[in-house]
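Residue numbers (the UniProt record's numbering), protein chains in the order written: chain R, 1 to 204; chain S, 1 to 204.
Rather than coming from a laboratory, the hints here were simulated on the basis of the structure.
No copy labels: a pair is met if it fits in one copy or bridges any two.
Think about it this way: if two alpha-carbon atoms lie no more than 25 Å apart in a straight line, the pair counts; the simulated DSS-like pairs of lysine-lysine are: (1) Lys197 x Lys20; (2) Lys34 x Lys189; (3) Lys189 x Lys20; (4) Lys34 x Lys197.
Protein chains: 2
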Amino acid sequence: MPDIDPAAAERHRAKMANRKRVQDEEVASKTREKGLLIVHTGPGKGKSTAAFGLALRTLGRGGSVGVVQFIKGAWETGERTALETFGDRVSWHTMGEGFTWETQDLSRDVAAAERAWSRAEELMADPRFGLVILDELNIALRYDYLDTATVVGALAGRREGLHVVVTGRNARPAMIEAADLVTEMALVKHHFAAGVKAQPGIEF
Amino acid sequence: MPDIDPAAAERHRAKMANRKRVQDEEVASKTREKGLLIVHTGPGKGKSTAAFGLALRTLGRGGSVGVVQFIKGAWETGERTALETFGDRVSWHTMGEGFTWETQDLSRDVAAAERAWSRAEELMADPRFGLVILDELNIALRYDYLDTATVVGALAGRREGLHVVVTGRNARPAMIEAADLVTEMALVKHHFAAGVKAQPGIEF
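Chain R extracted, bound-state conformation (with noise of 0.2 Å):
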């Protein structure tokens, strides 16, 4: 351990009994729970990975999660698996026919998008679920796919206590306004532009 230097040391203590002081009073001024709309987005990595990091805290506190994936199908079987060791915890909705440039169909897209949407309807009617994923949703109303109006209007309207976590970049203005709690994934630096390729157990 490096010496320290007792002044240093108190000042250190003084700093820090102040920071707990305000935040204390922070805490205290808190008292509302809510089921919160969360939403992330952005163009760095992370924002799916993150839902399905909540849904591990969800699990961790005896709850139950829905996730329903409107685009990306192939993607993020990693997850999938480890979840599926919940059971019945875990309802995975693979509704996405795949990323929008591999169908290369608009109806056919449209179509997927709808039926997920009807899925994530019925999960979020469920009280079974305290946690309901809507994977790269954003993603579907960017392409108009589904309206923006009519799906946002719904999870404003969710029953009471139900989180719900909507991923994709591109998040509508209306999907902002009426989330909670919005986290934009910024892209500081990625390895593909070293070359590196996309690897089991990071990106899938």
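Assemble chain S onto chain R, guided by the hints.
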């Protein structure tokens, strides 16, 4: 389903076919496999949660995961409980003594960080682990509880094939420099501002 104009459908098809060509070329150009140093930083939510989502991905692929929590020992209990489902494929070490403003004791914080770093070195050396999560390590570096050059040097010299995720705000420039993938989580909107409190399954 809305009526789709055939010309619009064809424009969509042509655009997506072109997108797929670009995508396929890009994927073909990535040929290297490499254990990645991944950094989740920034003031937004989801840094640790996305790291635990990656743990899920690794577990779903049959791998094992090591976790060292450098700072916030009292947090992330939901994830920990859920990951315990995977038995000895998850090795979880809570080494921090809570938030820095809880301990108010610099030498205790430094000692805790040093113990955590020793544990991190053990896990990184153990070939059983495909992924090691160093949760809130950036905080320990920011407060100079650990020497940045020593830590970043050890991370850069990690064994081949090992993925490491480092989380926490205010990542040091040397950490960003050494990383393969850096995501900055930006806070767009937070429900605490609306007086909503930390809730199980979401914040912990």
